[in-house]
Amino acid sequence: MIIKGGIVYDPANGIFGEEMDICIENGRIVEDAGGEVIDASGLLVMPGGVDAHSHIAGPKMNTGRIMRPDDSRIGTEPRTRVCRPSTGYTVPNCYAIGYRYARLGYTTAFEAATPIIEARHTHEELEEIPIIDKGALTLFGSNWTVMECVRDNDLGKLAAYVAWGLRAARGYGIKIVNPGGGEAWGFGSNVKGVHDPVPHFDVTPAQIIRALAEVNERLRLPHSIHLHFNNLGRPGNYTTAIETLELLKDIKPSRMRQVVHVAHMQFSAYGGTGWKDFESKASAIADYFNQTNHATMDLGQIIFGPATTMTADAPLEYANARIGHQKWSNHDIELEESSGVVPWVYMRKMPVNAVQWAIGLELALLTNDPWKVVMTTDHPNGGPFVNYPEIIALLMSREKREEEMKTLHEVVRSRSTLPSIERELDWSEIVIMTRAAPARILGLEDKGHLGTGADADVSIYNIKPDEIDPSKDHAKVKVGMSRAKYTIKGGAVVVRDGEIVAAPQGRTYWVDAAVPESDMDRMLLDLKEKFERYYSIRMSNYMVQDAYISNPFVVRAGVQPLREVI
Amino acid sequence: MRTITIKLPEYRGVPVEAERISPDVLAGLSIREISEVEVWQGNRRLKLSDIFLISGDPDPDRPENTRIVVEGDLSKIKRLGEGMSTGVVEIIGNAGMHAGNSMRGGVLQIKGNADDWLGREMRGGRIVVEGDAGNYAGAGYRGERCGMRGGEIIIKGNAGAFLGEHLCGGTIEVVGDAGDFPGCANQGGVIRIHGHAHLPGAEMVKGSITAGSARVLPSFAYEGTVELGGLTYKKYVGDLVENGKGELYVASDQIGK
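The listed protein sequences correspond, in order, to chains A and B. Per my numbering, the first sequence starts with residue 1, numbered consecutively. Per my numbering, the second sequence starts with residue 567, numbered consecutively.
Since the hints were made in silico from the structure, they are not lab data. Cβ atoms here follow ideal geometry from the backbone N, Cα and C, with glycine treated the same way. A hint or two may mislead.
[What the hints assert, rightly or not] Restraint-style ranges between C-beta atoms, simulated for each label pair:
# : chain 1 : residue 1 : chain 2 : residue 2 : range
1 : B       : Arg-670   : A       : Ser-414   : 38 to 46 Å
2 : A       : Arg-322   : B       : Glu-789   : 44 to 52 Å
3 : A       : Lys-4     : B       : Gly-594   : 55 to 63 Å
4 : A       : Ile-74    : B       : Val-741   : 49 to 57 Å
5 : B       : Thr-569   : A       : Arg-79    : 34 to 42 Å
6 : A       : Arg-322   : B       : Val-741   : 40 to 48 Å
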């Protein structure tokens, strides 16, 4: 297949809007190929989108669906010759997730939080999401075994547990959510900061985060730790964010990437002492990211209208349910985590929401290096991912931001720096934030770029970058980015003129990390006892079997020298 | 006024989604075009004329000058008058589920009984039912935080359970009795029940409910008697479970408490 005449943006390979042909053979980008010719003359061509943080599968997603029959009424689309029926907006059905990502030109999305014990369900749903490649990050932040290893300062054993946990969950990386808070919530409390000890475990969130970061590098995992801060969603929490990032400054990455990826930074860039004097501290956070090089972030931009908040940060969800007078689902996940789901509506005239909206944009615009920023909405916490084109238009056009701000509560002008920001992102920066950076941050070597040997994931939009000025034609940008002219996934055309024309099964990425047998044996001895004493299921029924992943892509990692585990 | 008559001969099939039987959709169409309008019967797409006999004034007119008369036992014909904004729909017979849902204006008359979800989430207009209404009249659909927001529903017979659940505005009048939990989670609408109401106003925070007699929930505070339209009512405020300020007026002694 040859894609002819497109204006190609491939920043990872130093290509910034050059007219060139892209050749594809056997699902890869190659130097030269024959076969089908796709005419992309003058059109915007870029690698397929990569979403590094999205909640797309697993029990909390399903809880959201069960709690929100009202949501399934929005976004219903009938079955077509290729597609199964779609429902839902903030918590769409599995099929809709795949189709909608593909229509946006996205070809990869990672589920951001799965407890090991619930991983089987996550994979059952991932299997039903068509087209896109996917993976799931595994939760370790409030896990008993993790906290015991941290308390005993036994990083060898912790590494063995993480390697085992990733294998048990068929997970891709270490996700940490409000470390220690999930356990404290089991006793009706929370941890207040990084140095506040977790009840009954005699460890602090700071120790948990550091230990997991060190183990992450010891195991040479493709992705760094993926961190949801303590105190998330609370006024004044930007100090917690910076304090936490400072803890990780001296850790050496084992691969060419960050040491910590911060999830949905917007929710942790808040100033003020309460909701009344709530203000943006995005500039302080962006300054920190500009001065350091060990951290990356995704935005967690909010979108006005309905959302469904879902997180392993259960105390936060309790607060949300109380504030919003909303339905609340609360879940205790045995020895591993807790979680909650609460429906939400972001309102333009609500001062807090208006400032939150500005914070996400400020973070993207004030952070100088686009490689440190991933554009997300923390779907569906900040709003559904189908709104990415809206964010792209906002980031590319100051005029659009001004128009939007006129419809918001006036505090957006006094409590954020957004009105004074002149920066407008160009196509290269957008491609970095939506493709190249998330792929590099996740450690997906064959994604996010169009170099020879890369996965043939390409999106082509009905936008002529040489003819339109995104700053003024932001409406055209939004429309154009909403429905790809072509989405090519693994060398197959899956979207043509905004419609799904094929729905192949994507791959599921997981990481198999090797650790020394002696550490694994020690760890398993303890773990077996935990299963006997505390778990509701047996260890032999705990692991996700290969049968649950029909199309796996296993990334090897591990402590040197590489040896098989178990 | 243009009259379109849609007759249903005996019908034994699966339910039909007839949301297109509404002045907004049919007014601008000739009788011939109306016959061609598509409706879903289960998972099959049919023309209106496959099920109904259609007659009436042949020439298109504006929706506000259009009266649609639907005759027959329509208990399996769902969503009649959905979303209508003007004009008149007259149903001679029983109406199926979801009649007049999301209505914005106009008049829907049902000379028979109405099934469940009558006028759910309606925003304006007027529905008059000569017979009984099923459950969830004027309510919000599953999971919604707002049911009816405006307009008027008059039920001359009895109403089923969850009458006006999540009511956010508008008025519902029931001449007979109401089933379990009328005005549940009321957020600002008005319900008048001439007969008996069982456990009205659970979780209500605003609005008012008047009943001829009622079994009152224990989470309502008694505030003495008041005169309304020449009658004496006992006044309650609640639901205190939700810290609610809703008003409940009961004419005669409630049964138990």
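These are the hints, each one checked on the structure:
1. Arg-670(B) x Ser-414(A): 38 to 46 Å: Distance hint for Arg-670(B), Ser-414(A) holds at roughly 39 Å.
2. Arg-322(A) x Glu-789(B): 44 to 52 Å: Violated, since Arg-322(A) and Glu-789(B) (Cβ atoms, about 29 Å apart) do not stay within the stated range.
3. Lys-4(A) x Gly-594(B): 55 to 63 Å: violated (47 Å)
4. Ile-74(A) x Val-741(B): 49 to 57 Å: Violated - the Cβ-Cβ distance for Ile-74(A) and Val-741(B), about 36 Å, lies outside 49 to 57 Å.
5. Thr-569(B) x Arg-79(A): 34 to 42 Å: Since the Cβ atoms of Thr-569(B) and Arg-79(A) sit about 38 Å apart, the hinted range of 34 to 42 Å holds.
6. Arg-322(A) x Val-741(B): 40 to 48 Å: holds (41 Å)
When each numbered hint is compared with the structure, violations occur for hints 2, 3, 4.
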